[in-house]
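Chemist: Each chain is listed here by its residues.
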Amino acid sequence: MSALDVTAAVFYTLVFPGLLFTGVVGLLLTWVDRKVTAIVQSRVGPPWYQPFADVGKLLAKRMVIPRGAPALGFLAAPLLAITGATLSAAIVFQAVFKPEEGFIGDLIVLVYLTALPAIGLIVGGASSRSPFGAVGASREMSLILAYEAGFLLALSTVVVHAGSIRLADVNLAQLLEGPIVWSPSGLLAMAVLLVCVQAKLGFLPFDISEAETEIIGGPLAEYSGVGLGLFKLSRAMMFLVLPALVVVLFWGPVTATPASLVAFLAKLLVVEVLLIVAKVTHARVRLDQALRFFWGRVVVVGLLAAALAVIGL
Amino acid sequence: MPRRARYIRTILLELERIHSHLLWIGLAHHFIGFDTLFMQAWRIREPVMWLTEYLTGNRKTYGMNRIGGVARDLPDDAHERIPPVLEKIADESARAVDAILEDASIRARLEGVGTLPTSAAKAYCVAGPTARGSGVDIDARRDHPFAAYPELDVEVCVEHGCDIWSRTLVRVRELFDSIKLVKQALKQIPSGPVMADFDEIVPFRVGVSSVEAPRGEVHHYAMTGPGNRPYRWRVRAPSYNNLQSIPALLKGQSIADAPISVASLDPCFSCTERIQTVDTTTGEVRIYRQEDLLSEFRKRHA
Amino acid sequence: MSALDWCFKKSIWVYHVNAGACNGCDIEILDTLTPYYDVERFGIRLVHTPRHADALLVTGPVTRQVRDRLLRLYDATPDPKLVIAVGSCPTGGGIWHNSYATLGGLANVLPVAVYVPGCPPRPEAILYGVAQALGLVQQQVSAQAYAEVT
Amino acid sequence: MLKHTISELKEALVCLEAGRVTLPYPFAPHAPEGEFRGKPVLNTRKCMSCGACGNACPARLISITDEAGVRTLRFELGRCTYCGNCRDACPQEAITLSQQFELSTASTSDLEIRGEFHLQVCRRCGAPIGTLRQVGVIRERLGVVPELQIADSGFLTLCPACRRASFLDNPALAVEVTRERA
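Protein chains in written order, with the numbering used here: chain P, 1 to 313; chain U, 314 to 615; chain Z, 616 to 765; chain A, 766 to 947.
Derived from the structure by calculation, the hints contain no laboratory data.
Among the hints, a few may not be true.
The calculated EDC-like cross-link candidates involving lysine to aspartate or glutamate, where the alpha carbons are at most 16 angstroms apart (straight line), are [to be verified]:
1. U:496 to U:472
2. A:775 to U:466
3. U:401 to A:800
4. A:768 to U:415
5. A:811 to Z:763
6. A:775 to U:464
7. A:768 to U:466
8. A:775 to U:390
9. A:775 to U:415
10. U:500 to U:466
11. A:811 to A:875
12. U:496 to U:464
13. A:811 to A:853
Part of the chain U face toward chain P, derived, beta carbon under 7 angstroms [to be verified]:
14. 417
15. 576
16. 580
17. 585
Everything numeric in this text was worked out from a predicted model, so none of it was measured.
Don't be surprised by glycine CBs; every beta carbon is placed ideally from N, CA and C.
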């Protein structure tokens with residue numbers, strides 16, 4: 001790898017579709033989320049720069065490390081979360097901007113990378129030496145078990161459709177046969193993926209691990225300053241990456257041409273608003289209810305979608 | 314106390330019950346994570362606060378009850394201002410309640426949670442909506458009526474579900490019943506003075522009253538003192554005995570149900586934080602249990 | 616006004632502390648979040664742990680029991696932080712100012728940035744108090760002194 | 766599942782129909798209507814500093830100190846609960862509750878009302894009787910009622926102890942009283 005490639009790669013992951021770009025767009029989307037929630041609650045809601053001010057303030061505040069907490073785990077957790085978010089952003093946008101560089105199996109790598117922020121929460125919660133952190137971490141663990149199954153089933157449907165586990169090929173397949181979502185199995189798989197993304201993002205019906213009124217923020221209870229800022233930033237970035245993944249996988253080819261990029265943005269907003277409306281009209285479910293819901297309905301529909309895809313629908 | 318003063322006190326108590334129940338509905342849904350209804354319930358509630366501010370001069374501490382009557386008469390356009398506010402609240406809360414009745418995520422979190430069987434409700438002698446939600450048919454407004462309640466027909470709403478959902482239904486039905494009561498009181502209110510005339514408040518006389526507050530029966534014991542200052546004043550708030558039932562509510566439930574179960578009693582912790590003895594010389598704070606108090610008392614008076 | 620100050624002016628996370636209050640002011644504080652007053656327009660958000668908080672909204676005349684918990688709460692909040700006293704009780708002790716059970720107001724325990732008197736203060740008054748703490752509005756009230764000259 | 770989605774649509778409808786209700790406060794004032802109990806205001810022309818308000822105030826925030834011929838009346842409104850007892854107790858209607866509610870302040874000393882009034886001192890023993898205004902009001906009121914007309918209004922500037930003593934020393938007055946009884 002020559003020096004030029006290294007700087008290009010670093011620029012690619014850290015600036016353009018990586019940390020900076022995803023962070024900024026993610027924070028803007030968080031503003032869209034808070035604005036839509038405010039409109040539904042018939043109030044004005046925050047100005048557009050609010051998420052930037054929040055994260056900026058958090059990064060500037062003093063970080064308090066609880067006495068006796070294992071400093072390594074406590075400090076590593078936010079970094080884990082932010083790296084997971086950055087790398088998964090890099091891979092998802094790679095399929096859009098540099099399709100030819102995609103490596104075989106980047107879909108599988110994506111599954112692990114999108115799980116990193118959740119693992120960051122678990123490590124953070126466990127190492128924050130507070131009962132709220134511990135309960136939050138254990139809830140996050142069982143929540144991961146719940147939605148990973150549905151997540152994988154939805155991805156398997158896409159793999160069956162596209163016949164390969166490379167994001168670029170999925171794009172290619174959709175270029176030829178049209179968006180996967182039109183096929184019945186694609187539709188079911190997209191619904192399953194949306195529900196799992198809602199849980200992965202920790203949005204309302206499933207924000208069990210970070211329930212503000214029950215366990216005061218769960219793993220985030222002990223975090224302040226930079227740690228909390230990084231966690232909030234990684235959550236904002238995931239709020240861009242996961243819906244982008246849904247659009248890339250299911251809703252038609254996304255190429256680097258301006259026209260398709262605008263279409264991509266429109267579809268992205270549609271998916272975002274769908275997630276927000278689901279968030280606003282639901283109360284938080286209990287952990288056992290969430291497990292029963294995911295292992296019951298979601299896995300059944302996922303299996304159905306996979307079966308239909310295998311048959312060829 | 315003149316009849317008109319009794320009516321004004323009843324109207325204000327029912328207005329307070331309306332805003333208190335709307336407040337609880339909002340807060341309960343905030344505890345189960347449904348912030349939209351929290352915001353909407355408090356949006357519906359705001360006109361009542363402005364109305365009471367117009368009637369009494371303050372949104373919450375009305376300061377209307379005086380010995381012998383009421384501090385201030387109703388403003389003369391009260392009959393034009395109160396009904397439209399009540400109409401607006403009645404139909405908006407009706408539509409909001411109708412919307413949440415079938416919401417599965419709310420029912421899942423409220424039904425079958427925080428159950429307090431009728432026998433346990435009686436054992437813990439809980440009061441108010443908590444008791445009526447468990448099938449205990451008690452209501453101070455009907456059992457020992459005060460103010461203008463003998464002349465108003467109070468409908469006691471009792472549910473037999475014994476869980477948080479039935480307490481919610483009790484509070485919702487009481488909300489509509491209170492709106493009806495205020496309208497009826499406004500129609501029947503007599504004219505006349507609002508303050509009985511008396512020359513001096515005789516010191517060291519005792520007064521005891523029990524009133525159906527939004528959270529249950531509240532009992533006040535007051536003894537007048539020299540220089541029109543109360544000499545002794547003791548309040549037993551309903552949250553005091555409602556809170557005793559928390560262990561029964563929380564038994565065998567997960568952490569997620571704890572906040573909503575405790576919130577379903579609509580507890581007012583400030584009302585229950587009064588048993589505290591401070592040794593004024595050393596400043597040492599001590600909490601007496603019943604046995605210590607009894608033994609202390611017997612020692613002194615043996 | 617560096618970017619840092621701008622961030623602090625635009626985003627204040629508030630933690631509500633009940634130091635023995637009668638719940639009157641607590642309900643009015645929650646009222647400021649609701650649609651009619653919507654304090655989120657100014658970037659103010661209610662958080663549930665002192666760790667995330669920038670400002671402590673304290674209500675109640677600080678009873679003896681709550682004193683050391685209040686001090687621990689104050690230490691748990693990371694700097695830079697603000698303390699705002701909401702209601703007449705923390706401002707001057709309210710009716711309980713000379714009672715044996717209270718410490719007669721918040722000034723005896725914590726350094727207070729802004730007092731918002733009222734029993735309970737209207738949600739607008741709390742909004743005005745927090746806006747004044749942020750430097751968005753001017754103080755309206757001033758002492759009145761009179762000396763009779765014959 | 767169907768009933769659930771219907772109820773969600775109803776919820777969304779209820780929310781969107783309500784529309785945005787946020788008040789433009791603090792950019793536009795939102796004054797309370799009717800007789801709002803705001804910050805008490807002392808009308809220093811009417812006030813004769815008699816102290817009736819101090820007696821009626823539950824928060825005991827009105828303090829009156831007499832020294833060196835000057836009575837200082839001090840309201841510490843930091844503790845005020847805006848109940849209006851002082852307004853009802855004031856014989857001169859000098860205290861009114863304004864509509865002002867934005868009382869946030871950086872220091873509680875901004876919430877004080879202080880008034881200094883000259884004291885009327887007893888011309889024999891020098892003990893303070895009341896403020897000049899109090900005595901003025903009494904003289905004015907006594908002037909109006911004819912049968913209370915006493916020849917020498919000098920008694921007004923005597924403290925009760927000295928007044929009692931002057932009655933005893935003055936034989937003429939004593940005789941007048943006894944004749945009526947017999």
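Chemist: Is the straight-line distance between the alpha-carbon of residue 775 (chain A) and that of residue 464 (chain U) 16 angstroms or less?
Modeler: violated, 39 angstroms
Chemist: Mind checking the alpha carbons of residue 775 (chain A) and residue 390 (chain U) for me, to see if they're no more than 16 angstroms apart?
Modeler: violated, 36 angstroms
Chemist: Regarding the pair residue 500 (chain U) and residue 466 (chain U), is the alpha-carbon distance no greater than 16 angstroms?
Modeler: holds, 13 angstroms
Chemist: Minimum Cβ distance from residue 580 (chain U) to chain P below 7 angstroms?
Modeler: With a minimum Cβ separation of about 15 angstroms from chain P (threshold 7 angstroms), the hint on residue 580 (chain U) is violated.
Chemist: If you draw a straight line from the CA of residue 775 (chain A) to the CA of residue 415 (chain U), is it 16 angstroms or shorter?
Modeler: OK: residue 775 (chain A) and residue 415 (chain U) at ~10 angstroms, within 16 angstroms.
Chemist: Is it true that the CA of residue 775 (chain A) sits at most 16 angstroms from the CA of residue 466 (chain U)?
Modeler: violated, 33 angstroms
Chemist: Taken at face value, is the distance from the CA of residue 464 (chain U) to the CA of residue 496 (chain U) at most 16 angstroms?
Modeler: With a Cα-Cα distance of about 13 angstroms, the restraint between residue 496 (chain U) and residue 464 (chain U) holds, given a limit of 16 angstroms.
Chemist: Would you settle whether the hint for residue 585 (chain U) is holds or violated, based on the nearest Cβ-Cβ distance to chain P being less than 7 angstroms?
Modeler: Because about 21 angstroms separates residue 585 (chain U) from the closest Cβ in chain P, which is outside the 7 angstroms limit, the hint is violated.
Chemist: Given the hinted pair residue 496 (chain U) and residue 472 (chain U), is their Cα-Cα distance within 16 angstroms?
Modeler: Roughly 25 angstroms between the alpha carbons, so the hint for residue 496 (chain U) and residue 472 (chain U) is violated.
Chemist: Should the hint that residue 417 (chain U) touches chain P count as held when the rule is a Cβ pair under 7 angstroms?
Modeler: Constraint on residue 417 (chain U) not satisfied, violated at 9 angstroms.
Chemist: Could you grab the alpha-carbon distance between residue 811 (chain A) and residue 763 (chain Z) and see if it respects the 16 angstroms cut-off?
Modeler: holds, 12 angstroms
Chemist: Take the C-alpha atoms of residue 768 (chain A) and residue 466 (chain U), compute the straight-line distance between them, and say whether it is at most 16 angstroms.
Modeler: This hinted pair is violated, its Cα atoms lying about 36 angstroms apart.
Going down the numbered hints, you'll see the structure goes against 1, 2, 3, 6, 7, 8, 11, 14, 15, 16, 17, while the others check out.
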